Amino acid sequence: MSIIASDNVVALNLCAALFFVAFGALILIPTPRRAVQIQFGMMTTFMGFWFSSFILREVVPYSWLNALINLGLAASIPAPFLIYLISLSYNSKSYKPNWKWLAPHLVLISFFLEESLRLNVLTLVSRPGESVRFTGTFVYPAILLHSLLLFVIAIYKFGRNAIRSRGKTRASSVLLLLGLLPPILAVGWYIWINPTRYGIFSGEQAAIGSILGIFIWTVAIVNCNAFKLRTFSVYEPDLPHFVRLTKPIYGFFYKLTDPADYEVQDHARKRRLTMSMIAHDYRLGEAMDLPYRERADILVKIFGKHFK
Numbered sequence: 005m006s007i008i009a010s011d012n013v014v015a016l017n018l019c020a021a022l023f024f025v026a027f028g029a030l031i032l033i034p035t036p037r038r039a040v041q042i043q044f045g046m047m048t049t050f051m052g053f054w055f056s057s058f059i060l061r062e063v064v065p066y067s068w069l070n071a072l073i074n075l076g077l078a079a080s081i082p083a084p085f086l087i088y089l090i091s092l093s094y095n096s097k098s099y100k101p102n103w104k105w106l107a108p109h110l111v112l113i114s115f116f117l118e119e120s121l122r123l124n125v126l127t128l129v130s131r132p133g134e135s136v137r138f139t140g141t142f143v144y145p146a147i148l149l150h151s152l153l154l155f156v157i158a159i160y161k162f163g164r165n166a167i168r169s170r171g172k173t174r175a176s177s178v179l180l181l182l183g184l185l186p187p188i189l190a191v192g193w194y195i196w197i198n199p200t201r202y203g204i205f206s207g208e209q210a211a212i213g214s215i216l217g218i219f220i221w222t223v224a225i226v227n228c229n230a231f232k233l234r235t236f237s238v239y240e241p242d243l244p245h246f247v248r249l250t251k252p253i254y255g256f257f258y259k260l261t262d263p264a265d266y267e268v269q270d271h272a273r274k275r276r277l278t279m280s281m282i283a284h285d286y287r288l289g290e291a292m293d294l295p296y297r298e299r300a301d302i303l304v305k306i307f308g309k310h311f312k
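In our numbering, the protein residues as written are 5 to 312.
Possibly wrong hints are sitting among the right ones.
[As the list claims (entries may be wrong)] Computed list of lysine-lysine pairs in DSSO-like fashion (alpha-carbon distance at most 27 Å, straight line):
(1) Lys161 with Lys259
(2) Lys104 with Lys161
(3) Lys100 with Lys161
(4) Lys305 with Lys274
Source of the hints: derived by calculation from the structure; they are not laboratory data.
Treat the numbers as computed from the prediction; the structure is a model and nothing was measured.
Sequences and hints are given; from them, build the entire structure.
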């Protein structure tokens with residue numbers, strides 16, 4: 005049965021759920037595992053469940069809708085906290101959590117999850133054929149306020165690093181900020197035009213904004229400082245293909261956000277490449293006594309892909 009959504013909205017919600025799961029899996033491929041990988045993978049999994057609940061609401065009996073709304077809410081509760089954790093761990097190779105600060109948040113989230121899983125947060129009061137109406141306990145606004153607090157802190161940390169830091173830290177921070185904008189604006193717009201639904205349901209705006217946002221976040225996460233990847237070497241055979249595909253996009257934003265540092269790093273890359281070519285040419289000429297044309301052909305085969 006259809007509650008509020010058209011076939012297009014259901015299809016977009018399905019795409020959003022698949023995108024979250026797929027990008028989360030792609031982030032988990034590079035090894036060794038970093039804290040930011042695990043946090044991002046968990047966040048995308050929960051958000052995938054959240055969008056899946058929107059699809060299930062269109063096919064389950066009306067009597068199951070109350071339970072599905074609460075379970076979908078439960079799936080979304082950890083996401084803001086995980087975004088906050090990502091704001092702490094994306095810029096460093098090792099991450100040591102401050103449990104004195106995190107423990108109260110974990111207690112609150114555990115309480116919110118328990119109430120949602122017990123189906124006590126939201127109660128459907130409308131009947132089949134009527135406009136969807138529900139009531140909520142004090143837990144629901146508490147969930148929204150806690151999520152808003154974590155979002156504000158994460159945005160502050162991303163913004164501070166974007167202003168004060170240089171190089172990859174600034175590029176990653178700007179991308180992470182940009183990645184938050186599409187879903188926030190899309191959900192805000194949906195709530196504005198559907199104020200009685202309070203974000204419990206998802207329109208096509210939320211799905212499109214979330215797909216765009218998770219793609220931008222994926223580009224930022226796989227290239228952030230936590231992985232210590234070379235920004236200026238596209239040809240790295242030990243990297244997954246998806247990671248290599250994101251590097252030109254990340255390099256573009258790197259040059260856009262900090263052109264001075266980009267030029268310094270690009271010059272250092274060219275210098276390393278030139279020194280390596282000179283050393284190889286010397287060894288080929290001295291040890292193998294090859295003419296310069298043959299040496300040039302060998303050097304092209306070795307370094308050709310680095311010329312990009």
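### Query
Which hint numbers does the structure go against, in order from smallest to largest?
Those not satisfied: there are none.
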